[in-house]
Amino acid sequence: MLQTVSWIAISLGVLTALVIAADDDPFVPSRPFRDPKVMGNPHIHLSICAHGGHCGFVGRAAGEDDGYWAEGQIVEFVERYTTSATTAGIEKTAELTASER
Numbered sequence: 001m002l003q004t005v006s007w008i009a010i011s012l013g014v015l016t017a018l019v020i021a022a023d024d025d026p027f028v029p030s031r032p033f034r035d036p037k038v039m040g041n042p043h044i045h046l047s048i049c050a051h052g053g054h055c056g057f058v059g060r061a062a063g064e065d066d067g068y069w070a071e072g073q074i075v076e077f078v079e080r081y082t083t084s085a086t087t088a089g090i091e092k093t094a095e096l097t098a099s100e101r
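Okay, so the sequence shown: first residue is 1 according to our numbering, each after it adds one.
Hints were generated in silico from the structure; no laboratory data involved.
Just to be clear, a hint being listed does not mean it is correct.
[Stated by the list, open to error] The following label-pair restraints were derived from C-beta to C-beta distances: (1) His-51 - Thr-4: 24 to 30 Å; (2) Ser-11 - Glu-64: 35 to 41 Å; (3) His-54 - Gly-13: 28 to 34 Å; (4) Ile-8 - Asp-65: 36 to 42 Å.
None of the values given here were measured: they were computed from a predicted structure.
No residue lacks a Cβ here, since even glycine has one placed at the ideal position from N, Cα and C.
Let's have the full structure, built from the sequences with the hints guiding it.
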């Protein structure tokens with residue numbers, strides 16, 4: 001895993017990753033995600049839950065909460081990083097425009 005192009009891109013900060021895992025997942029063990037290289041990487045946002053099984057991060061729907069916890073985490077992650085990337089791009093554009101004057 002640590003030699004893939006994705007890992008290199010994440011390590012360099014080109015990509016930011018969200019990892020949602022469960023200790024009780026029967027197919028994807030959570031142990032590799034606890035590796036210090038993963039846990040210590042500031043470009044990896046890691047959420048290891050005690051329960052959730054394999055794609056089972058679902059709870060009861062109540063009010064505004066539809067019960068699909070993992071999907072909500074993904075939407076928040078994308079919104080957060082889309083907004084920050086857009087803001088960074090606008091700031092960089094303003095900086096370049098100012099330096100051309």
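Verification of the hints:
no.	hint	in the structure
1	His-51 - Thr-4: 24 to 30 Å	28 Å, holds
2	Ser-11 - Glu-64: 35 to 41 Å	37 Å, holds
3	His-54 - Gly-13: 28 to 34 Å	30 Å, holds
4	Ile-8 - Asp-65: 36 to 42 Å	37 Å, holds
Going through the hint list in order, the structure satisfies each hint without exception.
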